[in-house]
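*Asks:* Working from the sequences, and respecting the hints, build out all of it.
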Amino acid sequence: RKEVEQDPGPFNVPEGATVAFNCTYSNSASQSFFWYRQDCRKEPKLLMSVYSSGNEDGRFTAQLNRASQYISLLIRDSKLSDSATYLCVVSVVGTASKLTFGTGTRLQVTL
Amino acid sequence: DAGITQSPRHKVTETGTPVTLRCHQTENHRYMYWYRQDPGHGLRLIHYSYGVKDTDKGEVSDGYSVSRSKTEDFLLTLESATSSQTSVYFCAISEFWTGGLSSPLHFGNGTRLTVT
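Chains W and X, in that order, are what the protein sequence lines are. Residue 2 is where the first sequence starts when you use this note's numbering, and the numbers rise one by one after that. Residue 47 is where the second sequence starts when you use this note's numbering, and the numbers rise one by one after that.
In short, the hints are calculated from the structure, not lab data. Accuracy of the hints is not assured; some may be wrong.
[As the list claims (entries may be wrong)] Taking lysine-lysine and the DSS-like style, the derived pairs with C-alpha atoms no more than 30 angstroms apart in a straight line are: (1) W:Lys80 to X:Lys103; (2) W:Lys43 to W:Lys80; (3) W:Lys43 to X:Lys57; (4) W:Lys46 to X:Lys99; (5) W:Lys46 to X:Lys57; (6) W:Lys80 to X:Lys116; (7) X:Lys57 to X:Lys103; (8) W:Lys3 to W:Lys43; (9) X:Lys116 to W:Lys46; (10) X:Lys116 to X:Lys103; (11) X:Lys116 to X:Lys57; (12) W:Lys80 to W:Lys46; (13) X:Lys103 to W:Lys3; (14) W:Lys46 to W:Lys3; (15) X:Lys99 to X:Lys57; (16) X:Lys116 to X:Lys99; (17) X:Lys103 to W:Lys46.
[As the list claims (entries may be wrong)] Covered by chain X, per the in silico footprint, the following chain W stretches (three or more residues, Cβ under 8 angstroms): (18) 63-74; (19) 79-89; (20) 106-112.
Everything numeric in this text was worked out from a predicted model, so none of it was measured. Glycine residues also receive a C-beta, built at the ideal position from the N, C-alpha and C atoms.
*Replies:* What follows is the structure, encoded as structure tokens:
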């Protein structure tokens with residue numbers, strides 16, 4: 002089982018829709034969780050950090066479920082500009098090398 | 047945006063030649079990372095640094111070396127470039143790592159390296 006798993010998608014949704022992605026992680030000792038967005042041929046950019054149960058920032062909500070070992074990202078009122086790949090990142094106890102990236106979920110928002 | 051500059055942005059080189067990529071930060075962050083990103087693999091850690099002259103290997107370190115002589119600069123060297131090292135290389139910085147609790151990473155713009 003991969004340490005961090007994401008559905009690669011693509012998720013095709015109309016503008017204005019609500020869409021949710023899940024990211025599952027295998028190590029129950031995971032402590033820090035992040036969502037990044039990455040546009041084609043660009044660097045990943047931090048969307049949200051999650052250190053406890055969840056976080057909300059405008060149209061974006063992240064929820065952490067430690068019992069089931071997944072973190073979700075909910076995007077409300079999708080915009081065309083939300084089209085990107087969303088990366089889940091998880092840290093576990095250990096050296097600073099213990100930050101693991103998922104391979105990303107691609108979102109395409111259409112008119 | 048975090049002050050991270052990678053150079054060069056693009057490079058084409060021949061198999062067998064040494065290549066050095068540079069990452070420069072103005073944030074005074076302790077941790078610096080080099081990742082490569084390839085289709086189907088996501089971001090994979092090559093090496094990281096937890097202070098001046100303090101470095102350690104990541105999961106794909108073979109064929110790469112790093113150096114950090116100043117807080118602000120982290121160099122990645124491909125000792126003898128191979129075609130399998132054709133990739134996009136990202137530098138990242140972060141402020142702290144305490145046990146498994148990490149501050150978020152901030153990434154540079156990336157270097158596209160092609161080895162022919």
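*Asks:* Hint by hint, where does the structure go against what was stated? Just the numbers, ascending.
*Replies:* Going through the list in order, the structure violates hints 1, 6, 18, 19 and 20 and respects the others.
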